[in-house]
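First to last, the protein sequences are chains A and B. Counting in this note's numbering, the first sequence runs from 1 upward without gaps. Counting in this note's numbering, the second sequence runs from 407 upward without gaps.
In short, the hints are calculated from the structure, not lab data. There could be a bad hint or two in this list.
[What the hints assert, rightly or not] Covered by chain A, according to a simulated footprint, are these stretches of chain B (three or more residues, beta-carbon under 8 angstroms):
{"no.": "1", "region": "454-465"}
{"no.": "2", "region": "472-486"}
{"no.": "3", "region": "495-503"}
{"no.": "4", "region": "506-517"}
Every residue, glycine too, gets a C-beta built ideally from N, C-alpha and C.
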Amino acid sequence: MSAWLAERRDLAAQSNALLPVPTLSDEHWRFTSLRGIDFDAFRAVEAPAPGEIAGAILAAGDHAGRVVVRDGGAVVDELSEAAAAQGVAFGSLRRLAEERPELVEPLLGTIVGYDEKFAAENGALWTDGVLLHVPAGVKVAEPFHVAYEIATEGAAQQWRALIVVEEGAEATLVEEHLSGLPGYANGVAEVQVGVAGHLTYVVVQDRCDAALHFAAHRAEIAKDGLLDWAACSTGARTGKTRMETRLTGEGATGRLSGVYVVDDKRHLDLDTTQEHDAPNAVSDLAFKGVLLDEARSVWRGVIRVAEGAQGTDSYQENRNLLLSSKARADSIPGLEIDTNDVRCTHGATAGPVDPMLRFYLMSRGVPAAEAERVIVEGFLEEALERIPDERIRVALTEHVMRRIPS
Amino acid sequence: MADLVIRNLHANIADTDTEILKGIDLEMSRGEIHAIMGPNGSGKSTLSHVLMGHPGYEVTAGEVLFMGEDLLELEADERSRAGLFLSFQYPFAVPGVTVANFIRMAVNAHRKGGPEGEDDPIRIPEFRKQLQEAMELLEIDKSMSSRSLNEGFSGGEKKRFEILQMAMLKPSIAILDETDSGLDIDALRIVSGGINQLVGPDMGALIITHYQRILDHVKPDRIHVLMDGRIVRSGGPELAHELESSGYAGIAEEVSA
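If we strip away everything but chain B, and leave its shape as in the complex, we get (with noise of 0.2 angstroms):
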């Protein structure tokens, strides 16, 4: 069975009957990485939040597993620490805690597992060496470190330390909405490079992007295509370059045809 499987998901808007996903079937494992395209209101940022727990969401049919377990029956730490991770579209900023402070917090709530776990917190040196690496790697100045989180952080900071989070907890899924928005080429290539790196073996990606333009750095295996909650198509890279010349309304066309 595939790491990562889904099937006929649906979600509403929490208290409401606003259906957003309207029956989702996806698998992919580590060492995979997956797109999701789709046009902005398709559901694509639904389907990220519903997976990682987001409380403003709830599931009203259909069954996530992940890692062989029943993922809808965790809460959104246990998820993380089961081996997801999401990138967020808009990272929100935590006043008072230090990026080093939240990542540290982090990697220790990882090393201790379930409630009933027991506390094995990182050596703090060899907390550092990893984040050092990990900053290093996506290529961010070492002062930043001691910032609160994303606060003041630009829209491209705020993805680049999603990235570093990511790297810090090594999930076993990777889900990457939007990540690729508000970069500008460098930072796109620098962010690109850190997922490439990442992805192997032990890590699969699940990119959310309105735009091909991140996958011409990170070479998707597999590209589905998200319209009104539902995925209309689903092909290799190639999918992503029709897109480009025939745009959603091309695909609408043809699925409704």
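Excised from the complex, chain A in its bound form (with noise of 0.2 angstroms):
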């Protein structure tokens, strides 16, 4: 291993030893115990099994690259020839960290830092993870397709991604979360969009309903940058998503579109945050959930407005559907604001399909079963559209809604 990345794992190490697990007490922890989960019963996988990975959503059709993390390890690590000849590097971090210091080195460590348990933890022991460095200028039209499984039992996955889209660069890159069987993933991925580029990321959370899931995810924005960023939780037992954007220059924007469809007794946290801290500057978030059977979420939010980023227009909303007496939905939103001339906007609401609309639905000769459907399809629609890629976008909308009962 390099000597920088050996140190940066050190002082990793060295936060994680010193930050205890967090409890209800900690003010991001207050709604997801962690309590009786032990987290050593979980091991490293170092060698996983080769071979194609089932139940992705998103993998069909071409891509300009793809790489598969299985268990603590890169299984598939392809990049298109046509991707490579434009200067695109995309690949197994850990290959990548070795082979091209010069991209890793330089950001790896500096957007989600090691000050939080589970992000110092990821940092101390990540195993592998993807790489996608998009250089100035370049556009690669067809997805980057990532997919972090574990297939093997108790497996812990520590994955990593560094995704960096350059000046004026643009592309695509889906992530999917998946897990046949009980284990626990903890994942990192730092986010950074050039000067006018254009990242959009579709994040797939779709792990087995006995696997652990706790993720930060961080972007920078620079000046005109666009970052259209969504993100679809449907797995995992207890999840815990940080998904957080900052906007660091003028005039850049972030798109926020989230849609999350949870059952059973499953616990999905999701912690936003909108940092502004650049004038002119527009954040758009959007998240939709459906809550069924005694399942929770719980969405927090919070908007950051720095001194000097006048201008900025941000808007956050959080509406849940509960389809059942059972379900809650929780919304904390929170705006932090040190500057004037701002726009900023919040909405959040839980409850359940609403009776009068139902009848509205029947009354046009629609059976009950089938109105309640079409209106929880309607409500996460909304939060869908946002999505460019229609191939995306239609497969997505088919998989939340499989779990949707009919």
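These two chains come separately, so use the hints to put the complex back together.
This is the structure we're talking about:
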């Protein structure tokens, strides 16, 4: 291992050793209990079985590159010749940290630091993941695809991603999290969108109901850059995802869309930020969730507007449909504004399907069950329709609707 | 027997003792236009909702026969498929569902019939053609069909889209609840024109209205005056003009006298 990487792991390990496992008294963990989870029971699996993934939702079709990280390591690591010829670097982060340190060393650990327990643990222990580096001015039409899969019972998967779209570059990255077996996933994604760069980033979390999923995704968007970020969660027993966006340059735009369907006794916790550090930037967050059975969701979102970020336009909404009287959704929006001349708005709701709306559909001849399904689909469609790629949008719509009982 | 027979219909607001309909009797058939007029709070909208099966009311006495069937035994969707239609006073926005998809779903539900019915979805070109014709009749811009139904629509647009749905579903009896409210003169002319074209041997209309304005465009065969949950007067078209001059107060005096 390179000295710089060993040093960085050491730094993270030191932080990890000092940080306690969060409890309900920690502000960001008020609604998500980790009691009863024996993290030591999971183990790293260094030699994963090769072979293709099963159960991916967006793996079909042509890709500019594909990586499958199974348990602790990449088992598929491909980059199309066309994308390689454009100067794109894409593939296993473990491999590329050695082969292309000039792309990894300057950024790794600088966007998501080691000051939080799970991020620190990941910084010390990550085994593989993905690097996407799109050089300035390069536009790649076909999406890149990465799947993180737990394929060994009890595996701990510490994945890490570094995603860089340089000045004027354009790319789409699709990231899927899967597991058919109980396991523990803890990951970090660091994202940088350069000046007038454009990244479409689609993250799907569909791990099985015995898996634990923790992730910290953090993006920085430079001047006039655009990040179109869609997150879809339908899996894991307990999931806690940080999805943070920092607008560092004037005129940057973050479009943050979320869709989740949570059933059974699953628990999903989403923690978002929209950090405006530059003037005239736009961030627009819309998260929509459907809760079934005894499921529980928590969304906690903060808009932070720094001093000097005049002309900020920021919006956040979280709307939840409760399809069971035992389901629960908590929304905690927050505004921290240190400047004048900003427009920040938010909204949050949780409730059952409006019986009057159902009656309206039924009055047109549509049976009650179908009416309810149509209302749910229409509700989620409002977030899904923000996904620019039609193939992805259609596949995700079908995927989430399969989780709604008919 | 008439297509729609209402006998001694009583209804409360669900789970309360508040009685809104206090014994309604009315008969009408396809090919006829009836109007129910009455002041605010007389129970006009309640009657339309109760007939359609609104969950916010419960029928406490009386019966309703529709095309010979016991209407009150049917769920709202079954009533629709049996040929009853309600144009809502306050239509609901249906987020994420386009006008075209919404109406196609309704048309297909009607083609399928009951829960055990065979799926027989309308072919899309045929549906598009029918929808386009109906939209032309109501002077609705083609581009509107890809918008979410009623979302961000003006009051007048919503009413037009109610009549558009009526035109596509071709009910036997259509209840038009305050369809004229929120319409400007031009929109009223267009919507009334649509209603006139659709009413005929296969369709009757029950127009619920506060004002006689719409009745200048859609000529009723019978007018019923509803006050405090009861029909207190029925008569021919001339009754609208009497109301126009003496107001509901005049009728009230006459009834109590």
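Verification of the hints:
no.: 1; hint: 454-465; result: holds (count 5)
no.: 2; hint: 472-486; result: holds (count 5)
no.: 3; hint: 495-503; result: holds (count 6)
no.: 4; hint: 506-517; result: holds (count 5)
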